[in-house]
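Let the hints inform the model, and build the full structure from the sequences given.
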Amino acid sequence: MAIADVKEYTHLSSEEVEELGRELDQIRQDIEESRCDADAAYINRLIKVQRGLAAAGRVTLFASRWRPAWVAGTAMLGVAKILENMEIGHNVMHGQWDWMNDPEIHSSTWEWDTAQPAEQWKHSHNYVHHQFTNVLGHDNDIGYGILRMAREQKWHPANLGQPVYNALLATLFQWGVALHDLDIEAIRKMEKDPEVMKKQLAQIGRKVRRQVGKDYVIFPLLTGPAWRSTMSANMTANLMRNLWSYMIIFCGHFPDGALHFSEEEIEDETRAEWYLRQMLGSANFTGGPLLHVMSGNLGYQIEHHLFPDLPSNRYAEISDRVRPLCEKYGIPYTTGPLHRQYGQALRTIMKLSLPNRMTKADRPDGPHGPEVQRGRLSDAERQQKRRELGGWSSRASA
Amino acid sequence: MVAERISWESVRRVGSRITTPLSPDDYLRLVNPLWTSRELRGRIEEVVRETDDAATIVIRPGWGWHYDHKPGQYVGIGIQVDGKFHWRSYSVSSPPRRSGGTIAITVRAMPEGFLSEHLVSGLEPGTILRLAKPQGDFVLPDPPPARMLFLVGGSGITPVMAMLRTLHRRGSLPDVRLVYSSTTEERMIFRDELRSLAEEHDGFSLHEQYTDSDGVLSFPDDLEQLCPDWRERETYACGPAPMLDACEEAFEAAGLEERLHLERFSLDLGGDGAEGGTLTFSNTNKSYDADGAETVLEAGEAAGVGMPYGCRMGICHTCTLTLVEGTVRDLRSGEELSGPNERIQTCVTALAGDCTLDI
Chain F
1 MAIADVKEYT HLSSEEVEEL GRELDQIRQD IEESRCDADA AYINRLIKVQ
51 RGLAAAGRVT LFASRWRPAW VAGTAMLGVA KILENMEIGH NVMHGQWDWM
101 NDPEIHSSTW EWDTAQPAEQ WKHSHNYVHH QFTNVLGHDN DIGYGILRMA
151 REQKWHPANL GQPVYNALLA TLFQWGVALH DLDIEAIRKM EKDPEVMKKQ
201 LAQIGRKVRR QVGKDYVIFP LLTGPAWRST MSANMTANLM RNLWSYMIIF
251 CGHFPDGALH FSEEEIEDET RAEWYLRQML GSANFTGGPL LHVMSGNLGY
301 QIEHHLFPDL PSNRYAEISD RVRPLCEKYG IPYTTGPLHR QYGQALRTIM
351 KLSLPNRMTK ADRPDGPHGP EVQRGRLSDA ERQQKRRELG GWSSRASA
Chain C
1 MVAERISWES VRRVGSRITT PLSPDDYLRL VNPLWTSREL RGRIEEVVRE
51 TDDAATIVIR PGWGWHYDHK PGQYVGIGIQ VDGKFHWRSY SVSSPPRRSG
101 GTIAITVRAM PEGFLSEHLV SGLEPGTILR LAKPQGDFVL PDPPPARMLF
151 LVGGSGITPV MAMLRTLHRR GSLPDVRLVY SSTTEERMIF RDELRSLAEE
201 HDGFSLHEQY TDSDGVLSFP DDLEQLCPDW RERETYACGP APMLDACEEA
251 FEAAGLEERL HLERFSLDLG GDGAEGGTLT FSNTNKSYDA DGAETVLEAG
301 EAAGVGMPYG CRMGICHTCT LTLVEGTVRD LRSGEELSGP NERIQTCVTA
351 LAGDCTLDI
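From first to last, the protein sequence lines are chains F and C. With the first letter of the first sequence counted as 1, position 256 gets the number 256 in this note's numbering; the numbers rise by one all the way through. With the first letter of the second sequence counted as 1, position 286 gets the number 286 in this note's numbering; the numbers rise by one all the way through.
Incorrect hints may have been included.
[What the hints assert, rightly or not] DSS-like mimics (lysine-lysine), calculated; alpha carbons at most 30 Å apart, straight line:
1. F:Lys214 - F:Lys48
2. C:Lys84 - F:Lys198
3. C:Lys133 - C:Lys84
4. F:Lys360 - F:Lys189
5. F:Lys214 - F:Lys198
6. F:Lys48 - C:Lys84
7. F:Lys7 - F:Lys328
8. F:Lys154 - F:Lys192
9. C:Lys286 - F:Lys199
10. F:Lys214 - F:Lys199
11. F:Lys351 - F:Lys154
12. C:Lys286 - F:Lys7
13. F:Lys189 - F:Lys199
14. F:Lys48 - C:Lys133
15. C:Lys286 - C:Lys133
16. F:Lys154 - F:Lys7
17. F:Lys48 - F:Lys328
18. C:Lys133 - F:Lys192
[What the hints assert, rightly or not] For each label pair, taking beta carbons as the anchor points, the in silico distance ranges come out as:
19. C:Arg17 - F:Glu381: 38 to 48 Å
20. F:Ala316 - C:Met110: 46 to 56 Å
21. F:Gly52 - C:Trp63: 31 to 41 Å
22. F:Arg323 - C:Pro242: 55 to 65 Å
23. C:Glu124 - F:Glu381: 22 to 32 Å
24. F:Lys198 - C:Arg170: 55 to 65 Å
25. C:Asp222 - F:Glu32: 50 to 60 Å
26. C:Thr320 - F:Arg323: 40 to 50 Å
Rather than coming from a laboratory, the hints here were simulated on the basis of the structure. By construction, the Cβ of each residue, glycine as well, lies at the ideal position given by its N, Cα and C atoms.
Here's what the structure looks like:
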């Protein structure tokens, strides 16, 4: 069942929800006030390590005809790409580091090492996904328009291919992400503003040319006789990044404990109710510090969704305060080891490739609600954006 | 020179094909923090104590810096304190050089100025800071006037020092009179250097006024005493606001305001303001009615939009945003800037009609 009212679902009174909101606001304020040198040093150090790894990987690949150099170079480059996309790019573009006033580490100027232009990411992710998290018909990240991930999404025979689409999406993740903000369905139905589409396509084209040129033309050419092994190394590094980021991202909202909402929920939703929806709609995973850094601290997905623009290195500390709050108010706090969380997501992908009547629901929110419309909303049909989600430039000036 | 610069640009463009989406400078700066021209940077080479509460900071600028400041101009300095960059502007006290080397600023720790305090006593050589291009009209004309009077109070000596050093380096100081007020002798920045300049050059004379013991100068009475021919001189005044106000009054009374050149250390958004209008934020579709005296930055903050900001005085360009449509007026110069896609400094511009801002 998609939740139509978070208050009712959690059996909390309006006063209790508002009190919870105030406690969460207090956490935000405490973290904002305690941002300091150590935080700045963290992101600067991470950027240094990431660029160092990327450079070392690229240089090592000049010797990539020698197998151990291929392995070492690929590993370094793959890890560098993962760090850049997850812990650096994603978080910088949320504005987590804007408070430093550093024009070189700022959401308005950052461009990341993947095919999707930063600007389109900031729209599809910072705004559409973070504001409308898990609201059926509003959040395009429920299955990304490719997979059926909620029982309320209408089944179609094409969904039988989900196991295959899923494997393709994992392998080609950066290309899926690159096209995400375009809204292919609207283009197919000829509903897309041609002006906006032209701009977006030009942006993507420019970015893709540079990205592909770097990994598959220029570096192989530079390495001369090692061109073939350099190309395969670069392809492998990109694949590593694709598979890893796909898996981490699928653990954010697709495990069973991450609940869905119907659009009644976001009507007149207060800030505190928005907080509550973020907590109910997100899932964490457990692991050591290295795992969290490699996954952009998205193992703290709940904390990230509550405070998308607070520095990611503080999420662990924030979770120490959020978890007791969940206990105090009797709100579920979904977490578990990575393999279990991903396993649940995978099971949903498989099950929902079939019509509802052939499978049983795994979610704790019980039987499913009414079917939701296919297709996406335009920005004009959406609510105004919340400030804390991080900026994006307008469509018109894109 | 031009050919060299063009070739560097093309090297960088080619290099960026392999570093995309970053620029080669983003990697080079990890080897040496000064090897980047993406943002102007400098490294502190030396902190020289001038008095108990003032120090000269010698900075080696990184790539992209042109050593072409005019004597008397100021630069923006951005320092990271508690992880956050803060900006202030300081007069360059070193004379301009043709090539290479360093620039120096001289800073007095102000009781309420946490950044100046930090600059004077908290900075280690090797610290990397951000720089903004030299600016300001309080400059030594070229060629310099034959007869000059400098009226200086406290740390207002810094731009004047750059002028005097330039004249000295060229080998000849023309007829220059310096009237320099300081609370006490100990707090007088550059006093030894000024005294030796006065000994060396016949044309240069110095009056030291210790205001704690001798009182504050009164205009124009004391001026008649200290520099009887002040009416015939080009006068450059820099110091605390009350001193400058008194000075301005005296020159106006004498009908000589054209001969007086002032440097005020605070931002003067005198201008005529602008018409005001409705400011719309394209990101959120929020809008706000701004009056013409409010800066775009203030309007954005009042509307609850998370505006980027830095120095709040038009120096550091941190606050720069894109104007999607409409016209704003630069409150410093009165210049009008119109969209679409005009990059504006929100801290020194106000609305001249309805505008849409890309944030």
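Tested hints:
{"no.": "1", "hint": "F:Lys214 - F:Lys48", "result": "21 Å, holds"}
{"no.": "2", "hint": "C:Lys84 - F:Lys198", "result": "39 Å, violated"}
{"no.": "3", "hint": "C:Lys133 - C:Lys84", "result": "20 Å, holds"}
{"no.": "4", "hint": "F:Lys360 - F:Lys189", "result": "33 Å, violated"}
{"no.": "5", "hint": "F:Lys214 - F:Lys198", "result": "24 Å, holds"}
{"no.": "6", "hint": "F:Lys48 - C:Lys84", "result": "18 Å, holds"}
{"no.": "7", "hint": "F:Lys7 - F:Lys328", "result": "15 Å, holds"}
{"no.": "8", "hint": "F:Lys154 - F:Lys192", "result": "23 Å, holds"}
{"no.": "9", "hint": "C:Lys286 - F:Lys199", "result": "24 Å, holds"}
{"no.": "10", "hint": "F:Lys214 - F:Lys199", "result": "23 Å, holds"}
{"no.": "11", "hint": "F:Lys351 - F:Lys154", "result": "14 Å, holds"}
{"no.": "12", "hint": "C:Lys286 - F:Lys7", "result": "29 Å, holds"}
{"no.": "13", "hint": "F:Lys189 - F:Lys199", "result": "19 Å, holds"}
{"no.": "14", "hint": "F:Lys48 - C:Lys133", "result": "27 Å, holds"}
{"no.": "15", "hint": "C:Lys286 - C:Lys133", "result": "34 Å, violated"}
{"no.": "16", "hint": "F:Lys154 - F:Lys7", "result": "27 Å, holds"}
{"no.": "17", "hint": "F:Lys48 - F:Lys328", "result": "41 Å, violated"}
{"no.": "18", "hint": "C:Lys133 - F:Lys192", "result": "45 Å, violated"}
{"no.": "19", "hint": "C:Arg17 - F:Glu381: 38 to 48 Å", "result": "41 Å, holds"}
{"no.": "20", "hint": "F:Ala316 - C:Met110: 46 to 56 Å", "result": "40 Å, violated"}
{"no.": "21", "hint": "F:Gly52 - C:Trp63: 31 to 41 Å", "result": "21 Å, violated"}
{"no.": "22", "hint": "F:Arg323 - C:Pro242: 55 to 65 Å", "result": "59 Å, holds"}
{"no.": "23", "hint": "C:Glu124 - F:Glu381: 22 to 32 Å", "result": "55 Å, violated"}
{"no.": "24", "hint": "F:Lys198 - C:Arg170: 55 to 65 Å", "result": "59 Å, holds"}
{"no.": "25", "hint": "C:Asp222 - F:Glu32: 50 to 60 Å", "result": "52 Å, holds"}
{"no.": "26", "hint": "C:Thr320 - F:Arg323: 40 to 50 Å", "result": "41 Å, holds"}
Violation of the numbered hints given earlier is confined to hints 2, 4, 15, 17, 18, 20, 21 and 23; the remaining hints are satisfied by the structure.
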